[in-house]
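Work the whole structure out from these sequences, hints included.
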Amino acid sequence: KFAEVQEEVKRLPYKVVAAKNGDAQVEVEVKGEKKTFSPEEVSSFILAKLKADAESKLGEKITQAVITVPAYFNDSQRQATKDAGKIAGLEVLRIINEPTAASLAYGLDKKKDEKIAVYDLGGGTFDISVLDIGDGLFEVKATNGDTHLGGDDWDMAVMDWIIAEFKADSGIDLHGQPDALQRIREEAEKAKIALSSAQEYEINLPFVTADASGPKHIAKKLTRAKLEQLTDKLRERTTGPVNACLKDAGLSSKQIDELVLVGGMTRMPSIIETARKLIGKEPHKGVNPDEVVAIGAAIQGGVLKGDVQDVLLLDVTPLTLAIETAGGVATPMIPRNTTVPTKKTNVFSTYSDNQPGVEIVILQGERPLSRDNKRLGTFHLDGIPPAPRGTPQIEVTFDIDTNGILQVSAKDLGSGKEQKISITGSSGLSKEEVEKLTREAKEHEAEDLKAKEKIETRNQAENTAFAAEKMMKEMGDKLDAAKKKEIEEAAAAVKEAVKKDDEAQIKETAEKLNT
43 KFAEVQEEVK
53 RLPYKVVAAK
63 NGDAQVEVEV
73 KGEKKTFSPE
83 EVSSFILAKL
93 KADAESKLGE
103 KITQAVITVP
113 AYFNDSQRQA
123 TKDAGKIAGL
133 EVLRIINEPT
143 AASLAYGLDK
153 KKDEKIAVYD
163 LGGGTFDISV
173 LDIGDGLFEV
183 KATNGDTHLG
193 GDDWDMAVMD
203 WIIAEFKADS
213 GIDLHGQPDA
223 LQRIREEAEK
233 AKIALSSAQE
243 YEINLPFVTA
253 DASGPKHIAK
263 KLTRAKLEQL
273 TDKLRERTTG
283 PVNACLKDAG
293 LSSKQIDELV
303 LVGGMTRMPS
313 IIETARKLIG
323 KEPHKGVNPD
333 EVVAIGAAIQ
343 GGVLKGDVQD
353 VLLLDVTPLT
363 LAIETAGGVA
373 TPMIPRNTTV
383 PTKKTNVFST
393 YSDNQPGVEI
403 VILQGERPLS
413 RDNKRLGTFH
423 LDGIPPAPRG
433 TPQIEVTFDI
443 DTNGILQVSA
453 KDLGSGKEQK
463 ISITGSSGLS
473 KEEVEKLTRE
483 AKEHEAEDLK
493 AKEKIETRNQ
503 AENTAFAAEK
513 MMKEMGDKLD
523 AAKKKEIEEA
533 AAAVKEAVKK
543 DDEAQIKETA
553 EKLNT
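One rule links them: number in our numbering = place in the sequence shown (from 1) + 42.
Calculated directly from the structure, the hints in this document are not laboratory data.
Among the hints, a few may not be true.
What the hints assert, rightly or not - Here are the simulated lysine-lysine pairs, DSS-like style, with alpha carbons at most 25 Å apart:
id	residue 1	residue 2
1	542	554
2	525	537
3	554	512
4	537	496
Right, dumping it as structure tokens:
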């Protein structure tokens, strides 16, 4: 939601606006026009690029995918990811939690039973999962996390420090200068990465802005110790989820056999030390924190296609699913860390005499009052026969699939007839919007392919002209004057066509040069 990202918006070099349904959307300029993109669309662009890269590498079309998400993603975020896959032209076979995927890569060949903790700190989210693995069984015992904690927060902390230092030196506040903010953010990330191996980093940003006295530059030294001081509170924020996860799993840190680190942020010495202290184990060194999740997703794809045998994956729902009952109370239906897929049915009734319908509000979260939890959607059940309050019997069923995505059904037991319910999501894209964007993506795919072909034609022509000119320099004295002139003119014609960006002329002149 737009209202939930106000702190982040202040430090972004691009504009974030509210959609009609309250979602956050990115506003950018494309070919001189202002356009807004939903998070699903932005995600689909990334998935489409990955799809294209994989197709180029494998030499065949890709239509299906297993997509990993942070374990602590809620239902809306999972559905949005599935929608993004569809827009990108992919059938999403499974949504799999990142720590679970990592455990697959780590434990595929493990025969003895082990209890492992997967500490996953990536660019935008933090997850901690405890699993029981051994002999092909991967059972998630508990998961916890923070979907607003990741490497971006470390970048922002460094960025804030650079801006504050510059303001103290020059009196200029750079918060309102998007170009400067973009450069500072990129430099902050470079500094963070460099300080994982170095003790000191030189921040150098020439011509970052200007005032009446002339151009201004940023030149500052940032030490690893200073970075750790700036981000101390961020590291501490992983403590609560880790302790809660161990408690939910019914284990102490002493009962954990292995600690697996996942995500680029776990390359930072201070993060490694934090994880080591929390779990009380030296991190496992045999996995690449950047690759292990993708490898696990590939294994899961192999399981789904029958290529990988004797692997059973039992994941859990990360957050409690509940409905709102009288007085705004959140009444749990499926507690957090319940193994999925799962189905739970409860019977509810009316609050008033002769009530013709009920509104059931679906919630996700751990708070006792509905207003403090994430509202996933509203279910309307109409056509209840008139009766005193408490008499109608309304059976509500929560059904979570293997992707962790929730479906809800309801029926009136009094009439014995199942009622249709309309689900109004509180955020995300509607089915129609997803289908529209999928169509548009396919249209753009054709345009992109055409543009790519044009570039390839141009590059080939330039290479041909370059090769001809090179040959003339090396062997021109061996050619008769007429042939030499013919090749020179043909090469010049190709270069002129490229300069004009005339595709037909480029093809024609390149063909002539080749013959």
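**Request:** Quickly compare the C-alpha distance for residue 554 and residue 512 to 25 Å and report which way the hint goes.
**Result:** Since the Cα atoms of residue 554 and residue 512 sit roughly 17 Å apart, the hinted pair holds (cutoff 25 Å).
**Item:** Given pair status - residue 496, residue 537, alpha carbons within 25 Å
**Value:** Holds: residue 537 and residue 496 sit about 15 Å apart, inside 25 Å.
**Item:** Agreement of residue 542 and residue 554 with the hint, judged by alpha carbon distance not exceeding 25 Å
**Value:** Answer holds: residue 542 to residue 554 is near 17 Å, not above 25 Å.
**Message:** Run the distance test for residue 525 versus residue 537: straight-line Cα separation, threshold 25 Å.
**Reply:** 19 Å, holds
Of the hints listed earlier, there is not a single one the structure fails to meet.
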